[in-house]
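Keeping their order, the protein sequence lines are chains A and B.
Per the UniProt record's numbering, the first sequence starts with residue 1, numbered consecutively.
Per the UniProt record's numbering, the second sequence starts with residue 1, numbered consecutively.
It is possible that part of the hints are untrue.
With the C-beta cut set under 8 Å, the calculated list includes, among others, these residues of chain B facing chain A [stated by the list, open to error]: (1) Arg267; (2) Phe269; (3) Phe289; (4) Asp296; (5) Ser298; (6) Tyr299; (7) Val300; (8) Thr301; (9) Arg305; (10) Asp312; (11) Thr315.
If the Cβ cut is set under 7 Å, some of the chain A residues that face chain B in the computed set are [as the list claims (entries may be wrong)]: (12) Ile40; (13) Glu41; (14) Thr43; (15) Tyr44; (16) Arg45; (17) Asp135.
I should point out that these hints are in silico values taken from the structure, not numbers from a laboratory.
Since the model is a prediction, treat every value here as computed from it, not as a measurement.
In this text, a Cβ means the ideal position worked out from N, Cα and C, and glycines have one as well.
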Amino acid sequence: MPEQSNDYRVVVFGAGGVGKSSLVLRFVKGTFRDSYIPTIEDTYRQVISCDKSICTLQITDTTGSHQFPAMQRLSISKGHAFILVYSVTSRQSLEELKPIYEQICQIKGDTESIPIMLVGNKNDEDHNREVQTTDGEAMAKKWKCAFMETSAKMNHNVKELFQELLNLEKRRTVSLQIDGKKSKQQKRKEKLKGKCVVM
Amino acid sequence: MKPLEKFLKKQGSHLAARAVPGSGGQLPRRQSVSKILLPGFLKEPPEDLTEGGTETTGDGRWLELRPPDSALRSPTSFSSEELSPGGGGGGETQLSPESVPTCCWVPLAEPENPDRLVGRVLERLGGDLTAPHGHGCGADILLDDIVLTHSLFLPTEQFLHQLYQHFMTASAIPSPPCWKEDEAVHRKRAVLIILLHFLETFKGILQEEEKAGKVIKDLYLLIMKDASLYHKLEDEILKLHQLVETVELKVTEETHPSSKQVKPLFRHFRRIDSCLQTRVAFRGSDEIFCRVYMPDHSYVTIRSRLSASVQDILTSVTEKLQYSDEQPTREEALILVAVASSGEKSVLQPNEECVFTTLGINSHLFACTKDTFPSLVPLPEEIQVSPGDTEIHRMEAEDVANHLTAFHWELFRCVHELEFVDYVFHGERGRRETANLELLLQRCSEVQHWVATEVLLCESVGKRTHLLKKFIKVAAVCKQHQDMLTFYAVVIGLNNAPVSRLRLTWEKLPGKFKNLFRKFENLTDPCRNHKSYREVLTRMKPPIIPFVPLILKDLTFLHEASKTLVDGLVNVEKLHSVAEKVRTIRKCRSRPLCLEMESSPQQLQTKAYVRQFQVIDNQNLLFELSHKLESNSQ
Ligand SMILES: Nc1nc2c(ncn2[C@@H]2O[C@H](COP(=O)(O)OP(=O)(O)O)[C@@H](O)[C@H]2O)c(=O)[nH]1
Ligand SMILES: [Mg+2]
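Model the full assembly from the supplied sequences, consistent with the hints where possible.
Right, dumping it as structure tokens:
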């Protein structure tokens, strides 16, 4: 299916309430809200550039519960890149990522070539912090994936998260910027910005 | 030569006619569910009424249905349309003469208006306590008629309210002077009998009738308080207790059940194991998941009551999309649109309810603004197909047929009797959900498309002929099982023009199969009001899965042939004919279906396959495939 293969599919996993939907909606729509609506499965599409042509970035926001194992397996096997979100206010939420990470390894095999970003969200809530930045980094090292802390609420590192994830893709050049040439500069700039904040 | 092909072609025009929103406040029933079958089918008048009529001479009632001198109708009350051959409830062939003891049915002596009919029935029921069953001969049938069809002239809650009123009157002390001794008890007993029969009939769907539930509760409490009844009507009271329990009426003051389990309705949310489980009926209060797409094919999944209105659905979607508390300015209002794989779009009205089960097989719900409406296109997976052999090639025709029949029996059993009445007569007196009937019709159409899809995805002529053979065998086995629904669907599927035009494929079919298929075509031939089929059906003993679309067609004709109210009086004959039709359905299911099937892994695989087809329901796409396979046929 030609249209499908042109899509670049990103899947967002994590326990319920860590802020997956908030991150996605902050990125896609630029909005945030305090109330909580549980997600079942939503997918948003955006036009991006891929190998200098236009393609669709498809972001799938998943449920935190394990209600649909089949659906989860399907989105892993169809996904190109993964965002694993926990909340820095909950150690439990980091623990809950383990089975998902393992399932990605199991279905995808060679995970090193697959862009995976471990994300500690809600880093605006420093007073409630249960997971230190170093803990997140350590886990990322173990999983051989990238790491970032974000706040969907403060719009901190959100766009960077998605750009970084796409930068990890080595098999093709994917970028949020539709104009391919500009994007390299942009990428580097954003990379720097992202790093600065994390440290 | 191929009558069904003709019949399939006819639908196009009917569809167009149906797509036009209905007049008045009545919502048009959207065409998509029953796309293949119903519209053309229902509109096509029986070709030869007298033929059908003479067949039922043994059972004169059918002929009495529309005598011009009927006590209920003056000749002038017939519109010219009704007198045309297409009108009239004739042409009916009773499924079985013994389904109802004909000797017993005597219409009420006098026609009545809707408000007094219930009183009349009560008189009839309470009138003769010495009769064999405690009430008058034929009263059983009258009772059943009224319970099944009262919604044609009286909303259910009002019907119950009248019962309540009658019970109150009978409880008054002192009784009216004109009443005989025991008259009050007789009347109370009659109310009880109607209530019992009502509860028994409505079992399973009463939870959905909130207002009716309240009246029942009041009536129940009233009866409970009436100590005078206890020594005379112990049996009835006991039965009432039991029934009230089994129908799960919330007799105690209590709100909705907090968290019902979400039922898998759409393919996306069906777990692998759940499709193998026995189907249970859907109810309006059930929660389901549904994807709602945006013009760019983004989607959100909402959790909704099955009976939710379009407005409710849109509210959930808006809530998800405008994921922001700080956005006070309302964006342009969203509309909900069903987009079929063919690209056909239909806008759903905000007050429409229970829309999920009315979507076509590969239709999806889209939310968009008026501006983006023109840009809506079907999902890519609905318009792209990759030819190739599927699982069916590895399966035995008999296994496939067995699993089809077993599944369709489950679906058929999930349909409540009253759904048939409500499907045809709905819109006139409120709306009750007919989800299970809609799903059955949808499935019927799915099976037709499945046959065409499988044949047309198969690229080698030899294998294709083999598939034709397989499907003809499937039809034959289903017919043996008395599963006429699957039988019909498979035959119609093979007769669908993109398949039937494959001359090379059909030519290679062995003569034996050609003959068999010709027989099947004759059996499904709609001529003379489906005479061949009706004759075969008459000879069958339950369990039977009838070709449900034909039942709906018959009910529609009953409905259109005569008015429910004539000069303000209830047309009891019509109620009776409708109820008779419903009783034929009851009879089909009066005995359980037992198919012997192993549960080997291979069988389970076949079972899973049969229960979740992936079909192409886009006729243009099917034609495209067909022309690719055999371009110069014809
Ligand atoms: N303080 C803070 N709250 C957040 C942040 N992201 C999400 N939330 C809140 O956390 C709750 C759950 O968010 P949601 O995105 O629905 O979580 P999900 O279940 O992972 O999709 C909501 O009440 C959000 O308002 C964040 O970065 N900081
Ligand atoms: Mg969420």
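Structure-based check of all given hints:
no. : hint   : result
1   : Arg267 : 11 Å, violated
2   : Phe269 : 7 Å, holds
3   : Phe289 : 5 Å, holds
4   : Asp296 : 5 Å, holds
5   : Ser298 : 5 Å, holds
6   : Tyr299 : 5 Å, holds
7   : Val300 : 4 Å, holds
8   : Thr301 : 4 Å, holds
9   : Arg305 : 15 Å, violated
10  : Asp312 : 15 Å, violated
11  : Thr315 : 12 Å, violated
12  : Ile40  : 4 Å, holds
13  : Glu41  : 5 Å, holds
14  : Thr43  : 5 Å, holds
15  : Tyr44  : 5 Å, holds
16  : Arg45  : 5 Å, holds
17  : Asp135 : 30 Å, violated
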